[in-house]
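Chains as they are written, first to last, in numbering that gives the first Met the number 0: chain D, 0 to 136; chain H, 0 to 366.
By construction, these hints were calculated from the structure, which means they are not laboratory data.
Ideal placement from N, C-alpha and C gives every residue a C-beta, glycine not left out.
Any given hint could be a false lead.
Said to hold, decoys possible - One side of the interface only, derived from the structure: several residues of chain H facing chain D at Cβ under 10 Å:
hint, residue
1, D164
2, P166
3, R170
4, L213
5, K233
6, T256
7, K258
8, W260
9, R261
10, T267
11, P268
12, D271
13, S273
As the list claims (entries may be wrong) - Each computed BS3-like pair below joins lysine-lysine, with the alpha-carbon atoms no more than 25 Å apart:
hint, chain 1, residue 1, chain 2, residue 2
14, H, K233, H, K258
15, H, K258, D, K87
16, D, K87, D, K106
17, H, K258, D, K41
18, D, K67, H, K258
19, D, K67, H, K233
As the list claims (entries may be wrong) - Now the stretches of chain D that chain H is said to cover, found in silico as 3 or more residues with beta-carbon under 8 Å:
hint, segment
20, 53-60
21, 78-87
Listed below, chain by chain, are the residues.
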Amino acid sequence: MARHVVAKADEIAVGSRKIVQVGGRDIGVFNVGGQYYALANKCPHEGAALCAGVVTGLVLSDGPNDYKLTREGEFLRCPWHGWEFDIKTGQSWCDPNSMRVRQFNVKVEHGEDLVKGPYMAETFQVAVEADYVVLDI
Amino acid sequence: MKLPRPGAIDCDVHLAPPDVRGLLPYMSPYWRDQIVNRYIDRSGFQLMSYPARAPQNARADWRDEKGRAGADLERIQRELLDRFELSLAIGHVMHGAVALFNEDMAAEFCKAVNAWVAAERLDKEPRLRASILVHAQNPALAVAEIERCAADKRFVSVLLPVMGDAPLGRRIYWPIYEAAEKAGLAITVHAGSTYRHAPTAVGWTSYQIEDYVLQSSAFENLIVAFLAEGVFQKFPALKLVCMEPGAAWMPTLLWRTAKAWRGMRAETPWLDRSPAEIVRERVRLTLQPFDMPRDPRIVQRLLEQIACDDMLLFSTDYPHWRFEGDDALPDGLPEALVERIIHDNPLATYPRLAGSLQTTSAERETA
Chain D
0 MARHVVAKAD EIAVGSRKIV QVGGRDIGVF NVGGQYYALA NKCPHEGAAL
50 CAGVVTGLVL SDGPNDYKLT REGEFLRCPW HGWEFDIKTG QSWCDPNSMR
100 VRQFNVKVEH GEDLVKGPYM AETFQVAVEA DYVVLDI
Chain H
0 MKLPRPGAID CDVHLAPPDV RGLLPYMSPY WRDQIVNRYI DRSGFQLMSY
50 PARAPQNARA DWRDEKGRAG ADLERIQREL LDRFELSLAI GHVMHGAVAL
100 FNEDMAAEFC KAVNAWVAAE RLDKEPRLRA SILVHAQNPA LAVAEIERCA
150 ADKRFVSVLL PVMGDAPLGR RIYWPIYEAA EKAGLAITVH AGSTYRHAPT
200 AVGWTSYQIE DYVLQSSAFE NLIVAFLAEG VFQKFPALKL VCMEPGAAWM
250 PTLLWRTAKA WRGMRAETPW LDRSPAEIVR ERVRLTLQPF DMPRDPRIVQ
300 RLLEQIACDD MLLFSTDYPH WRFEGDDALP DGLPEALVER IIHDNPLATY
350 PRLAGSLQTT SAERETA
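With the sequences and hints as input, model every part of the structure.
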């Protein structure tokens, strides 16, 4: 397990994502309402680049002619077949127990804590005064 | 194979209706006058889906000297009810009234057919039950007829043809389902078309084999429409019985629908779980004509793929020619499943049968 600094925290605004390469893996880092989540960029269904999909909400209903868009910004829709995944858990909505995308630990750390090391940051310098998104892989 | 025991419940028996003149006593004076003076009483009023002379539409040994079958109560009793030792049989009249464009005339015909069924079949044979014939294209008149007949507990379902003006899941038809659910009646949808549209999705056909074989695709349309339109969610107690659809295609439909739902469900969010689960809970198929191969191993594999012991309902499809002799059940059905098919599933599908089965047993004991 190593700590990988993959982005400045303010680089991934609320509602947006960044797809990073760490240790040979493509990983999508999402900011949902100020919390960061990291998912493998590979749909467990057919292997599509899941994290490039539309970020949307969960449509629920109490019956025909009733439509509720809930949890806006918390669901990811695969660009190939439209399967919906909960960004916070990696679970697919239709089959949450057996169809889920791999999650990674992600957190925000202060530069001054990071510089003490150890960490890996291939693409940029870590400055003491900034916040960074850190993946544990 | 033969039925393992007496007491099976036959969910699909065809009651041949009388000709139009035979229905006149059950019509209002106005319609009697209209129908006689317009020579409509000379019309056959048979649906083209069921040409009477086609071999599969009546077993040779069940035809009378004029070639008719299912028309004589004594023969129905002898050839079906007694011979197969049935406890109950649900009769259906597939009448040309459902294809009329004049909605008032259609409703009058349906009322006459239902009244004839009650007087000439149900009153005379305690083992018979029946479906209520309605004309779907005017739901208000259909509801009125359902409510009129529903007081008679021997009517256990509402009968519709699978191909009418529009997919039967559409909201315009919902008053029919509401009335049926409220009265504890199942919706029974029978193979056949009113020929408002071509009977296949790609247009008109040339030969009867096309019309006959492709009925199963209309049942797929029906089930997917009921799912997508949300009929099963709107009417949680309603059961949909497909009559004579075959069953070998069901695993494919379950798989395709469940798979597509994962990607398209936001469009129909009332489908809050896999459509396959909903179909297994709510859709029932009558057994004959059984469209699976004769090899019992293949039958068992297909049944495993359907994965629902509740789905099949015993039917002879009398007097249609679906099997020889007394072998009303196809080979390859597991013993435990046979009991479900011939007894438990029909009782669970038609809520009104439970009470009437007790009545029938009591009647038999006192007789």
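Here's how the hints hold up against the structure:
For D164(H), the interface hint is violated, the least distance from its beta-carbon to any beta-carbon of chain D being 20 Å, above 10 Å. The beta carbon of P166(H) is not positioned within 10 Å of any beta carbon in chain D (closest approach about 14 Å), and the interface hint is therefore violated. Because the beta carbon of R170(H) sits about 8 Å from the nearest beta carbon in chain D, less than 10 Å, this interface hint is met. The beta carbon of L213(H) is not positioned within 10 Å of any beta carbon in chain D (closest approach about 29 Å), and the interface hint is therefore violated.
Proximity of K233(H) to chain D holds as hinted, the smallest CB-CB distance being about 5 Å (cut-off 10 Å). Here the hint on T256(H) is broken, as its CB sits about 12 Å from the closest CB of chain D, past 10 Å. Because the closest C-beta pair between K258(H) and chain D is about 9 Å apart, less than 10 Å, the hint holds. Contact between W260(H) and chain D, as hinted, is supported at the beta carbon level, the nearest pair being about 7 Å apart and thus within 10 Å.
The interface hint given for R261(H) is met, as the beta carbon of that residue sits about 4 Å from the closest beta carbon of chain D, less than 10 Å. Annotation: interface hint on T267(H) holds; nearest CB of chain D at approximately 8 Å, less than 10 Å. Taking 10 Å as the C-beta cut-off, the interface hint given for P268(H) holds, the closest approach to chain D being about 4 Å. Because the smallest distance between the Cβ of D271(H) and any Cβ of chain D comes to about 7 Å, under 10 Å, the interface hint for this residue holds.
Using the Cβ-Cβ criterion of 10 Å, the hint placing S273(H) at the interface with chain D is satisfied: the shortest such distance is roughly 7 Å. Restraint check: the Cα-Cα separation between K233(H) and K258(H) comes to about 23 Å, which is no more than 25 Å; the hinted pair holds. In summary, the hint linking K258(H) to K87(D) is supported, as the alpha carbons are separated by about 24 Å, within the 25 Å threshold. In summary, the hint linking K87(D) to K106(D) is supported, as the alpha carbons are separated by about 13 Å, within the 25 Å threshold.
Our distance criterion of 25 Å between C-alpha atoms is met by K258(H) and K41(D), whose separation comes to about 19 Å. Our distance criterion of 25 Å between C-alpha atoms is met by K67(D) and K258(H), whose separation comes to about 23 Å. For a cut-off of 25 Å, the pair hint linking K67(D) to K233(H) stands: about 17 Å separates their Cα positions. Only when three residues or more bring their CB closer than 8 Å to a CB of chain H does the claim for the segment 53-60 of chain D stand; here the count is 3, and the claim holds.
A stretch counts as covered by a chain when three or more of its residues have a beta carbon under 8 Å from one of that chain; for the segment 78-87 of chain D and chain H the count is 4, and the coverage holds.
In summary, the structure is inconsistent with hints 1, 2, 4, 6 from the numbered list given earlier, while agreeing with the others.
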